[in-house]
Amino acid sequence: MKQFNDDFKSKLYEITEDIENNSLVEIVTLIKAKSGFYRDISLWAASVSMFLVSSWLMFSKFEINVYLIYLITIFTFIITYFLTEIIKPWKRFLINKKRLKRNTEIYGRAIFQKGGIRFTNEKTGVLIYVSVFEKQVFVLPDRGAFTAVPDEEWQNINENFQSIFNQNNTADAFLAEIKKCKKIFAEYIPPVENDINELPDDLEVDL
Amino acid sequence: MINKKQRLFYLLITLLTFIFIISPFFIDLLWARPGGGHSYSGGGSGSGGSGGDGIAMLIYLIFSLLPPYISIPLVIVIFILYNINQRKNKNENKTVISSPGFQAKYAKHNNIESEIQKLKIVDPNFSRILFLDFVSSIFNKYYTWYGTKEFKNLSPFLGEQEILNSKRTSNRQRITEIVIGSMKISEIKFFQNITGIAVDINANYTLTIKNKSTRYSLTERWYFNRKAGILSPEPEKMQKLACPNCGAPADFTDNGVCQSCGTKINTGEMQWFVKKHNVINLNVLRTSGLAHYEPERGTMLPTIYQGSLNTFLVQFSQLHNLDWNTWRPSFEEKVIKEYFFRIYEAWSKNRLKKVRNLLTDRLYESFMFWINTYKSAGLTNKLENINISNVQFVRMDLDKFYESITVRIFASSLDYVVDKSGKVRGGSNKRPRAFSEYWTFIRRTGVEKDEYDYSTCPNCGAPADKIGQAGVCEYCGTKINNGDFSWVLAIITQDEVYTG
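As they're listed, the protein sequences go chains A and B. The letter at position 159 of the first sequence is residue 1441 when you use the numbering used here, and the numbering goes up by one with no holes. The letter at position 438 of the second sequence is residue 638 when you use the numbering used here, and the numbering goes up by one with no holes.
Don't read these hints as lab results, they were simulated from the structure. The C-beta atom is built at its ideal place from N, Cα and C for all residues, glycine as well. Hints should not be assumed to be uniformly reliable.
Said to hold, decoys possible - Cross-link-like lysine to aspartate or glutamate pairs, in silico, EDC-like; alpha carbons within 20 Å at most: (1) B:Lys476 <-> A:Asp1289; (2) B:Lys305 <-> A:Glu1387; (3) B:Lys308 <-> A:Asp1322; (4) B:Lys305 <-> A:Asp1288; (5) B:Lys288 <-> A:Asp1322; (6) B:Lys305 <-> A:Glu1299; (7) B:Lys349 <-> A:Asp1289; (8) B:Lys384 <-> A:Asp1483; (9) B:Lys308 <-> A:Glu1302; (10) B:Lys384 <-> A:Asp1288; (11) B:Lys389 <-> A:Asp1288; (12) B:Lys389 <-> A:Asp1477; (13) A:Lys1405 <-> B:Glu362; (14) B:Lys476 <-> A:Asp1483; (15) B:Lys308 <-> A:Glu1435; (16) A:Lys1379 <-> A:Asp1483; (17) B:Lys308 <-> A:Asp1424; (18) B:Lys389 <-> A:Glu1435; (19) B:Lys427 <-> B:Glu377; (20) B:Lys476 <-> A:Glu1441; (21) B:Lys427 <-> A:Asp1300; (22) A:Lys1461 <-> A:Asp1322; (23) B:Lys389 <-> A:Glu1299; (24) B:Lys384 <-> A:Glu1459; (25) B:Lys204 <-> A:Glu1302; (26) B:Lys476 <-> A:Asp1288; (27) B:Lys305 <-> A:Glu1475; (28) B:Lys389 <-> A:Asp1289; (29) B:Lys305 <-> B:Glu387; (30) B:Lys537 <-> A:Glu1404; (31) A:Lys1405 <-> A:Asp1454; (32) B:Lys305 <-> A:Glu1302; (33) A:Lys1405 <-> B:Glu420.
Claimed, not checked - In silico contact screen, one side only, chain A against chain B (beta carbon under 7 Å); selected entries: (34) Ile1368; (35) Ile1369; (36) Trp1372; (37) Asp1424; (38) Gly1426; (39) Val1474; (40) Asn1476.
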C-alpha cells in the first residue's frame, strides 16, 4: 500500500478528471489492502505445524523435557500463526485462487452498491476496485457503460489491469493502465455537452 | 457482538485450555516414551478455568524451563511479531480512493474562484451570496411545493426534464421542515450560448408518506443554466422567488406566464433555471449519535488563505476609506469576538432568538434544526468557558451588492452534552476542547457600520425586543438580518472541510 501515496492519489485524480472530461463515464477507483482477513488460513497453518511438531516430538529419539514439549507445541502454534499473518506471499500461497477472486468480487460489488455508483442518470458509473493482497482488479461498469462498450474491450481492460501485479511498481502500472482507458471510453461513451459530474469527488465507502 | 479479534482471542484461549486439560494424557504417554522422561519439579497446571492462567502458565514455563538467553529473546520475538501484526492490520484498514487530495481540492477551488471572476466580467451584477440565496429559495420551494398545485409557480425556473420528473412522483408524498446546512458552487461551465453553475447542497428534510414521517439527511447536486451574456437581476429578485421581469412574488401559470405582469418567462432568458438535479447521498437522519464526540480532526491543519486576499484588503480599505491595521483590531473585538461569544452563549442556553439579528436566515434555520433535534432527544449541547486564542483573516469577497469576510477562529471551550437530569452524556465539562472554525460574515455593499446595536432596531430605533423568527422588526416591518445594516454571520465551516 506504500506505493499508493499522496503523489499517486494526485495523479490518479488528474487522470480520472481527464477521462471524465472526454467521456460520459464517471470513474471511481478504490484501492484496498485486502478484501478479507483469511484468519482461518493462519489458524489452519498454525494447527498443522503444531500437529507436525508435536508428532515429531512424540516419536523423536531425543530426550526432551515433557513440559518443554508442551511449550514447544504451543510456541509453534503462535509463531506459525503470526508468521502466516505477517508474510503475505506465504499466506496468499495457502489460499485458493478462486477464493481470492470471489472475495474481491464480493467486496467490489458491495462498494458499488454502498458507494452509490449506480446513481448516474445514464448509468455510466464505472468502479475500478483494486485489492492489493489478493492481487486482483475488479472492474464493474454500470448497465449504461457496460452495454455501450463492446465486451471484447471490457475483457481487454480487465486483462490489462490484472497485469499490473506483474510489474515492479504496481501503482505506476495501474496509472498507465487507467490512462489507456481514456481512448476507449472517449470512443464508445463520448461526452455530452452541458452536463455535470453526478458522483461526488469525495466518495465515502465504509464497509 | 464480538469482533474478529475477540473471536481469535477466545479461540486461542479455548485451545490453550483444551491443551491444559488433555496435557496429563500426554504426560503419561511421554513417561512411556523411549528414552524416558524428566520429572517435573515445580508448578502445576490449573484445570484451564481461565485463559489468563494459560498465558501466565506459558510465560512461566518459558522462563522456568529455558535458560535466560533463550527465554528472554523468545518472549521478545513473540511480542515483536504480535506488534508487527497489529501495525500491519492497522495500515491495512486504509483505503485509497480516487478523490482529490488537499492540493487538488485547493486547485479546484481556485479554479472555481477564477471562473466566478470570469463570470463577473460578463455579468457585473453576479453576486455569489445572492446567487446562493436564489438557489436556496428554489431548493426550498421545489420540495415544499412538490406534488402540490403550487408547483407550477416554479415553471420558469425548471427545465423540461425536471418538470417531467416531478410529475412522475406520487402526490401522496409531502416534504416539510427543509433545512439547508451548506451550499457550495462545485462547477462553473461556459458554453457558446449557455452558462452553467453546479451547486452542491447539504440539507435535511422530513418526508411524510401515509402519515409516516422520516427525516433524511442528503446531499444533492443542482445544475443551473441560463443564457450566456445576460445580467443577474437585482437583489430583490434574487433573494426571494419572484418574477424576473416585474419582481412580483412567484405566481405563474403552467406555461410560465407571470400572473402579475402577463409576461411569459422563458427558462434561462432572464434568470437561472434548474437543468437537472441528482442525489449524491441520502441517509436517514438518526439522533442516536448526538452525544457522541469525535476527536477534532482539523485544528492542526494549515490555514487556507485566499490567493488574492491582499488585493481585496487594499480594495476594501480604499472603498471604505480606512486604515486596515486600525480597523482590523476593532472589527475583531466588536464583531468577531462579540458575535462569537453571544452566539455560542445563546446556543448553550437554547435561546437563539436573542441573536436572531446576527444570523442569516439559512444559518438560523440550521442552528434551530440542531437545537430542536437535541431537544427532541432530551439533550442540550453546552459550551462554557469559551476562550478565543487567535483570529486569522483568510478571505474577502467584494461584489456589486455584498462584501464578505472569512476568518479562522481558534478557540477552546468546555464542550459537552447533558440530558434532562443534567448528567453529562458526551464530551467533557472538565477538560477544555480546542477547536477552530471558519466564520464568514456578510454585509451589504455601501454600509459603513460594523457592529450591531443590540438594544435597538437599526432601522426604526425601537427597542429590539420584537424580532420574530424571520428576523423582522415587528415595529417597522424591516428585515434586519440580511446585512443591510451591519455585518451578519452567514456561514460556519468546520476546519476539516474548509477548502477556501
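Hint check: 7 Å Cβ-Cβ cutoff, A:Val1474 to chain B: 11 Å, violated
Proposed proximity, A:Glu1441 with B:Lys476 (alpha carbon, max 20 Å): This hinted pair is violated, its Cα atoms lying about 37 Å apart.
Proposed proximity, A:Asp1288 with B:Lys305 (alpha carbon, max 20 Å): OK: B:Lys305 and A:Asp1288 at ~13 Å, within 20 Å.
Pair hint outcome, B:Lys308 versus A:Glu1435 [Cα-Cα no greater than 20 Å]: Violated, at roughly 32 Å.
Chain B contact restraint on A:Ile1369 - CB to CB distance below 7 Å: 10 Å, violated
20 Å Cα cutoff - pair B:Lys288, A:Asp1322: Since the Cα atoms of B:Lys288 and A:Asp1322 sit roughly 17 Å apart, the hinted pair holds (cutoff 20 Å).
Restraint check for B:Lys389 with A:Asp1477, where alpha carbons must lie at most 20 Å apart: Cα-Cα ~9 Å, so holds.
Straight-line alpha-carbon gap B:Lys384 to A:Glu1459, limit 20 Å: Distance ~33 Å between B:Lys384 and A:Glu1459 Cα, so the pair is violated.
Straight-line alpha-carbon gap B:Lys349 to A:Asp1289, limit 20 Å: Roughly 53 Å between the alpha carbons, so the hint for B:Lys349 and A:Asp1289 is violated.
Hint consistency between B:Lys476 and A:Asp1289 [alpha-carbon to alpha-carbon, up to 20 Å]: At roughly 34 Å apart (the allowed maximum being 20 Å), A:Asp1289 and B:Lys476 break the hint.
Given hint B:Glu387 paired with B:Lys305 - CA-CA distance at most 20 Å: 12 Å, holds
Given pair status - A:Asp1483, B:Lys384, alpha carbons within 20 Å: Holds. B:Lys384 to A:Asp1483 sits at ~13 Å (cutoff 20 Å).
The structure is inconsistent with the numbered hints 1, 2, 3, 7, 10, 11, 15, 16, 17, 18, 19, 20, 21, 22, 24, 25, 26, 27, 28, 30, 31, 35, 36, 37, 38, 39, although it conforms to all the rest.
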